[in-house]
Amino acid sequence: MTDTLKLSYYCPGDDFDRAGEASAKVKKALQRLGVPPDVVRRVAIGTYEAELNVIIHAGGGTVAAEVSGESTLITVSDEGKGIPDIEAALQEGFSTAPEYARQMGFGAGMGLPNMMKCSDEFNIESTVGKGTVITMRFYHRSEDL
Amino acid sequence: MQVKELTEKLELTLVTPGLKAEELTAEIAGGYVSDLLSNVMGQARPGQVWVTMQGHQNVAAVAALIGLAAVIVAGGAKPAPDTLERAAANDVAVFTTPLSAFAAAGKLYALGLRD
Chain A
11 MTDTLKLSYY
21 CPGDDFDRAG
31 EASAKVKKAL
41 QRLGVPPDVV
51 RRVAIGTYEA
61 ELNVIIHAGG
71 GTVAAEVSGE
81 STLITVSDEG
91 KGIPDIEAAL
101 QEGFSTAPEY
111 ARQMGFGAGM
121 GLPNMMKCSD
131 EFNIESTVGK
141 GTVITMRFYH
151 RSEDL
Chain B
173 MQVKELTEKL
183 ELTLVTPGLK
193 AEELTAEIAG
203 GYVSDLLSNV
213 MGQARPGQVW
223 VTMQGHQNVA
233 AVAALIGLAA
243 VIVAGGAKPA
253 PDTLERAAAN
263 DVAVFTTPLS
273 AFAAAGKLYA
283 LGLRD
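These protein sequences, in sequence, are chains A and B.
For what it's worth, the numbering used here labels the leading residue of the first sequence as 11, then goes sequentially.
For what it's worth, the numbering used here labels the leading residue of the second sequence as 173, then goes sequentially.
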């Protein structure tokens, strides 16, 4: 595969019923392209966590995937309230999720740590009042690491 | 052990529309118990059985995304109708049981399932 496949999905804010739709579409596309199952699984985990974050915290956002022969790049961007203290937000257990999200089993402060662990490259940029952009790269072969 | 054998050995009711217990031949790789979805996303492995008290539709989404063998909704909790629709659309086997999560996990362990 030499071309780059680009996919983009909008995730509406506060819509838990549709949470996971973008991740499922990305997962299916990668499976069709023959990306190794372990990589597909890691992409699905990272994308789902990011998708949930924009649903819970940002009033919605966009999940974009760029798939080439060697890697998948996931970019999740929103125009939400932003993260005042990124260092704190990256700590496992730190959460600002509302009570209703916690009752559903979300908001345990594991989302960003999970994204860091499952991706090969992770970056987060956030500006209070403007929004957040997360990028995750997943290499398709371990020798690319 | 295959998923269908679970239904014979535990007090389970298959609630995913369109699935038949006798056709659930996926091999079970182990088990995981948690009600925190991110914990399941990060720690559970493909082929495991997930025991939870959560019954909302993100349970079906998580199970499908990470390739779990089955979900057991414990403690007599009833999964929401949209959970079952989403499970059916993704071929996720969802069971209910009157057993507590503790008892269900203990019985799975006694059947030889490990982590």
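Accuracy of the hints is not assured; some may be wrong.
As the list claims (entries may be wrong) - The following residues of chain B were derived to be distant from chain A, with all beta-carbon distances above 10 Å:
(1) Lys176
(2) Lys181
(3) Val187
(4) Ala193
(5) Thr224
(6) Val234
(7) Ala236
(8) Gly239
(9) Leu256
(10) Leu271
(11) Phe274
What the hints assert, rightly or not - Here are the simulated lysine to any residue pairs, SDA-like style, with alpha carbons at most 25 Å apart:
(12) A:Lys16 x A:Glu80
(13) B:Lys250 x B:Val187
(14) A:Lys127 x B:Gly219
(15) A:Lys127 x B:Lys250
(16) A:Lys38 x B:Lys250
(17) B:Lys181 x B:Ala249
If you are wondering where the hints come from, they were derived from the structure by calculation, not from laboratory data.
Just so it is clear, CB atoms sit at the ideal spot from N, CA and C, and this is done for glycine as well.
Structure-based check of all given hints:
1. Lys176: Nearest chain A Cβ is 23 Å from Lys176 of chain B, so the label holds.
2. Lys181: holds (27 Å)
3. Val187: Val187 of chain B is indeed farther than 10 Å from all Cβ atoms of chain A, at 19 Å.
4. Ala193: holds (25 Å)
5. Thr224: Non-interface label fails for Thr224 of chain B: nearest chain A Cβ at 8 Å, not farther than 10 Å.
6. Val234: At roughly 7 Å from the nearest Cβ of chain A, Val234 of chain B sits no farther out than 10 Å, so the non-interface label is violated.
7. Ala236: Ala236 of chain B is in fact no farther than 10 Å from some Cβ atom of chain A, at 7 Å.
8. Gly239: Given a closest Cβ separation of 7 Å, the condition is violated.
9. Leu256: holds (13 Å)
10. Leu271: holds (20 Å)
11. Phe274: At roughly 18 Å from the nearest Cβ of chain A, Phe274 of chain B sits farther out than 10 Å, so the non-interface label holds.
12. A:Lys16 x A:Glu80: Between Lys16 of chain A and Glu80 of chain A the Cα gap is close to 14 Å, so the pair holds against 25 Å.
13. B:Lys250 x B:Val187: At roughly 9 Å apart (the allowed maximum being 25 Å), Val187 of chain B and Lys250 of chain B satisfy the hint.
14. A:Lys127 x B:Gly219: Holds: Lys127 of chain A and Gly219 of chain B sit about 21 Å apart, inside 25 Å.
15. A:Lys127 x B:Lys250: This hinted pair is violated, its Cα atoms lying about 33 Å apart.
16. A:Lys38 x B:Lys250: It is violated: about 29 Å lies between the C-alpha atoms, which goes past 25 Å.
17. B:Lys181 x B:Ala249: With a Cα-Cα distance of about 20 Å, the restraint between Lys181 of chain B and Ala249 of chain B holds, given a limit of 25 Å.
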